[in-house]
Each structure stands twice: as structure tokens, then as C-alpha cells.
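Work out the full structure, taking the sequences as your base and the hints as a guide.
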Amino acid sequence: MFQQILFTQWKSFRMGMIPFVIAAFALPLLAVQGLGPVPEGYEGARVGLQYLVASWQLWLPAFPALAVTVGATAALNAWSWDHKTDHIYALSLPISRSRYAAWKMGAGALLVLVPALGLLLGAIVASVSIDIPASVNAYPTALAVRFSLASLLAYSVFFALAAGTIRTTVIVLSSFMGMIILTAIMTDYASAVVPGFAFDFSAWLVESLLEWPGPFEVFSGNWSLIDV
Amino acid sequence: MSRVAACIAVTLAIVVGAAPPSIGAQQRSAAETDLVRRIDSLLSAMPDTPDYQRQVFLAKAARQEEWERRVGTRDVPLSKVAVGPFSVLAPPDQMEEATELYRRAWSRYASSVGEASPLLDDIILGFQISRREFRIRNSTTHQSVRVRPWTSAEDREIRAAGAIAMVLGRLMPPDLLGWSGAMPSLGDRPGKRPTFSWPAFYEVAYRGLATQPARAASLCFGGDLDACLMALGLDEDATWEDLYTLGEIQIIVRGVPLSTQVQQDARWSCLSEQKYDACVALVAERPGVSIPLKSPVRISLLLTALDAGGDGAFSRLISGDDRSISERLEHASGMGIHELVSAWRARVMESRPDVTAGLPLTVIVSLLWIALMSFFSLRSTRWRIG
Numbered sequence: 048m049f050q051q052i053l054f055t056q057w058k059s060f061r062m063g064m065i066p067f068v069i070a071a072f073a074l075p076l077l078a079v080q081g082l083g084p085v086p087e088g089y090e091g092a093r094v095g096l097q098y099l100v101a102s103w104q105l106w107l108p109a110f111p112a113l114a115v116t117v118g119a120t121a122a123l124n125a126w127s128w129d130h131k132t133d134h135i136y137a138l139s140l141p142i143s144r145s146r147y148a149a150w151k152m153g154a155g156a157l158l159v160l161v162p163a164l165g166l167l168l169g170a171i172v173a174s175v176s177i178d179i180p181a182s183v184n185a186y187p188t189a190l191a192v193r194f195s196l197a198s199l200l201a202y203s204v205f206f207a208l209a210a211g212t213i214r215t216t217v218i219v220l221s222s223f224m225g226m227i228i229l230t231a232i233m234t235d236y237a238s239a240v241v242p243g244f245a246f247d248f249s250a251w252l253v254e255s256l257l258e259w260p261g262p263f264e265v266f267s268g269n270w271s272l273i274d275v
Numbered sequence: 010m011s012r013v014a015a016c017i018a019v020t021l022a023i024v025v026g027a028a029p030p031s032i033g034a035q036q037r038s039a040a041e042t043d044l045v046r047r048i049d050s051l052l053s054a055m056p057d058t059p060d061y062q063r064q065v066f067l068a069k070a071a072r073q074e075e076w077e078r079r080v081g082t083r084d085v086p087l088s089k090v091a092v093g094p095f096s097v098l099a100p101p102d103q104m105e106e107a108t109e110l111y112r113r114a115w116s117r118y119a120s121s122v123g124e125a126s127p128l129l130d131d132i133i134l135g136f137q138i139s140r141r142e143f144r145i146r147n148s149t150t151h152q153s154v155r156v157r158p159w160t161s162a163e164d165r166e167i168r169a170a171g172a173i174a175m176v177l178g179r180l181m182p183p184d185l186l187g188w189s190g191a192m193p194s195l196g197d198r199p200g201k202r203p204t205f206s207w208p209a210f211y212e213v214a215y216r217g218l219a220t221q222p223a224r225a226a227s228l229c230f231g232g233d234l235d236a237c238l239m240a241l242g243l244d245e246d247a248t249w250e251d252l253y254t255l256g257e258i259q260i261i262v263r264g265v266p267l268s269t270q271v272q273q274d275a276r277w278s279c280l281s282e283q284k285y286d287a288c289v290a291l292v293a294e295r296p297g298v299s300i301p302l303k304s305p306v307r308i309s310l311l312l313t314a315l316d317a318g319g320d321g322a323f324s325r326l327i328s329g330d331d332r333s334i335s336e337r338l339e340h341a342s343g344m345g346i347h348e349l350v351s352a353w354r355a356r357v358m359e360s361r362p363d364v365t366a367g368l369p370l371t372v373i374v375s376l377l378w379i380a381l382m383s384f385f386s387l388r389s390t391r392w393r394i395g
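Respectively, the protein sequence lines represent chains F and C.
Everything in the first sequence is counted per the working numbering, starting at 48 for the first residue and increasing by one.
Everything in the second sequence is counted per the working numbering, starting at 10 for the first residue and increasing by one.
Calculated directly from the structure, the hints in this document are not laboratory data.
The structure presented is a predicted model; accordingly, all values stated were derived computationally and were not measured.
Possibly wrong hints are sitting among the right ones.
[Stated by the list, open to error] Covered stretches of chain C, going by a simulated chain F footprint (3 or more residues, C-beta under 8 angstroms):
1. 156-166
2. 212-219
3. 353-366
4. 381-388
Beta carbons: idealized from backbone N, C-alpha and C, even for Gly.
Written out as C-alpha cells, the structure is:
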């Protein structure tokens, strides 16, 4: 059954995945473009490093953005046929919905790893194509692991949202947003009028989401290919 | 008619009566200004010693305080208590925390400052917690920590240590302060945000040594102590060729703003004709270029010297008028400059940041969040909610 679900998703997603794989492979190469090996006897590795750092900073936001796009697309693709056919397909199968959803999620997660593999290959090729000083190192595996986690995290969030109906998703998202806005207003007001009470909810929320052990900590970490 | 005359008389009386204090104030102000100008002209002839710096520093603060007293801006009730050699100024209800914060912060510096402590006798440190407006004026203290109620205890500690570092920095001779850029703050590392605190300096120094595009820095990274001295700006005989390769100095040239035709010609010669002298002509007057390793790296050497010197190291660092920076560091640390730089380099090399240190934890936490999201997905039912 899992193989069939995997095959179904592969069939519907493979064409859409091609640009993602190409982008994931090409991103590290684009970030180091023009920085070929330093000629023999030319003390220029550290000069090249300066340009590399500047170029990497320029391309840096594209890595997490691509990871989110890959994850979101795979998640929405996983449920698209169910939404189109009003979830009749799942009812026709001789398995429980939770098992169906689990296999569907596993199949999608495997597909998400394909662009991550592309990024790993691209990062390795980029690392060996440039001459870096002995004082720094290339970290293609760490970059690929971070990209995989970010993709899978985005995939799992969007998969959970897409698992219900559009109405359910809208209700859940609206409730969350409403709670956040309401809490921010209330804590700000309380901080202003209640003596001894002070709480910056917005700063707390951002910190909780982006710093360890928040769910999106992987996005705020070190995405460098070359580091000390 | 008599009523008009009475009105004129009253008006004149008011004007005449009001005028003298104002005119008097202006006259006093002019006389005072003249005196200050004369004293300032004499001060320039005095030697540039730490004591002189301290006197100038105190005089400026006193002058500002006097001005504020006259215009009536000190409008908040404050208490003052002694902490170490300092006086701490804070609102009465915050004095306990202020005292404790500065006491702990001073304990980090006390042994190093040693005999120089009396130089800090008249220094006033401020502390205030406020949600909105801070009412203690900066000018009524020599250094202040002003925090919000939600500022963490850790950040308050760091800022108190930083305030004392700022005060100590003002006692440093100008050439030493210019070289290091600041007196390092000995506060603990706050963890999440990078700050110029003790352990972080060595990590920053490692990055500088490993990546700075300068020949001297590369050689220093490889273990050449003479190159370290050049890269740190401690070898007066170092030439530009010792410091930078052509490619490296061209990086600096690319960032130089051009304002004259001569500069544009020099840039062309440097970048297109590969003339090293033209590059030097463009960058020679740029601040900081002649010392390849930047301020945080140099501060880490200062830290090593203070650490090695132990008790009274800061006091020895700032003592004496005619010492070079190398001599000051030797005097503070009690080591020869080569020995000191060797110890510094060893410590920097040990402080290589572990770039992938947090990745395993990130993997675990991310997988847990992914598992949680998966649980929500499996629990969802098209039929129950939708």
C-alpha cells in the first residue's frame, strides 16, 4: 500500500520537483560563481574568501526560502487529489484514515529529501570547485542536513494544515493569529497600566519560535557552506 | 494723564527690576566662558597622562552637572551609595539592585585595577529601571545602566560590567585606547546574543585570524609570532608588503571613497596596472588599515595581558607616560612581548568556534516538532470537523 501511495505522489509531483532539484543543486554553485581555483603561487585564497563570504550573504536567504517552498509544495501536492475528489478515495481504501495519512506523510517526506540530496551534491561540487584557505573548512553535509530539516519541518506543518478541509485550516490559522494579536494587545496594555507587570509578548513569541527549542530554530541557525 | 504716567512707571519698574539679574547672569556666563577658554588653552600644554585624562573627564561632567542644576533638569529623587571605589546613583527603590549589580561587576575588575582604584574615587555610576522615560540624565553620572523592567537579569549584569569597562577605558592613555578600541567588558557571555565579553573575544579573534585577508594574519595563523606582532600593530618596522599582498590591499582600495582626480588615478594604477605603491598611497591615511587585525582581536591580546598579569595588571598597564603599547603590555603581563603573543595565539587557537556544535540538538528538536505535527495530521479527520 505504501509503495502505491509513494508511486501516486511521485507521479503527481515528479514534474514539479524537477525545478526544485535543479534550484537546490544550483544554489551553492551560484553562491560561489566566479571563484575558481587560485593559480599556483598566487597568495589569493583569503582574497577569494572575502568575495565568497559577500556572495554567500547575498544568496543566503534563498536557502531557507527554497526549503519552505519545497516542503509546502510537497505537502499541498500530497493532499491535492483528496481535496479534488472530496476525500472519497481514502474512504474506498481498506485501511484506517490515520494509517492512510501516515503513509501519505511518509511518502511525501521521502520525496522532500530528493531536492535535499540535490543540494548536498551541489554543495559538494561548490566546495571542491573553489580554493579556500587552510584556516577555514567546507561544511556541505551540515548545510544539507539543515536544508533537509527545514524542508521536512515546513512539509509537516503544511501537511498538518492541509490534512483537514480548507474551512478547518482557515479556522485554525485565524484562531492562532487572533490569539497572537489579542495577547500582544492585552500584554502591552497591562504592561502600561499594571504596576510591576512588564511583558513584551511579541519579542517573547519571536524568540520562542526562532531560538532553541522553538520549532523554527533550524531556520535561524548557521547556513554557511564555508566557515572556520 | 496721571493714570497713564502710573502705568508707564509700573511698566518701567518691572522692566528695570527684571533686567539686572538677567544681565548679571549673562555677564557671569561670559566671564565664566572666558575663564574656561583660558584654562582649556593651558590644559593643552599639560602631559597626556591617565591622571590628566581623569581630570578632564571629571571637569566635563562637573560642568555639565552645574549647567543642569542651573536650568533645573534634575527632577528625580535619587540616592547615592558607595560601591567599591565608585558612587552609585539610583532611585531609592532601585538602590538595592543597583548596589548588588555594581558590586558583582566591580568584583570582576577589582584585583586587576589594583593600585589604580583611587583614580576612580569620584566616579558616579547610575542605574535606573524605567518602562518609558529615563529621568536620570546621562550627564549627572559618568556612566549609567538604564534598563527596561523586562530586561533580563543576565543582560543587566552584562551592562553593569560594561559600564565599569567604559569608565576604565577612559583612564587608559589615548594611544593605548586608540590601539585597542575599548577596555574589554569582563561580563559573562549572555549566550544567545553575541557581545564583546570575555570568552567571546577569543572566538572573534580566531575568526579574525583565520579569515582576515592580510598576509601577516595568515602567517600568524600558521604560527609566525613576528607576523603576529605585525598583524597586531606592535611592530613599528613592519612594511606594507609585510602586512598585505597586492590582492589583499586591492580589496581595501575597492572600498575607499574617491573625492579627487589624484585618488581616481591612484585607484586606476592600483587596480588596473597592479602598482602596489599606488594602492598604499590610497589606503595609507585610512584609519585602522595599518593594523590588519581589528579591534576585537587586539582586545583579546589585552585580555591575555591582564589575565597573565593578575593583581594590579590594569594599574601597571596605564602607568608611565612614555611607554609604547608593547611596553605597556609587557609591563601589565610581566612577560616579554613574544612570550605574551605566543600565549595569546595559543589561547586563540584553542578557541576555534565549533560551527556544527548545535546541529545535533537542532536535529533532535526539529524531529520532535515534526513528530508533533505528524500527530496532528493523523488525528485530523475530514468527516469530524469539516
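Hints, one by one, checked against the model:
{"no.": "1", "hint": "156-166", "result": "holds (count 3)"}
{"no.": "2", "hint": "212-219", "result": "holds (count 4)"}
{"no.": "3", "hint": "353-366", "result": "holds (count 4)"}
{"no.": "4", "hint": "381-388", "result": "holds (count 6)"}
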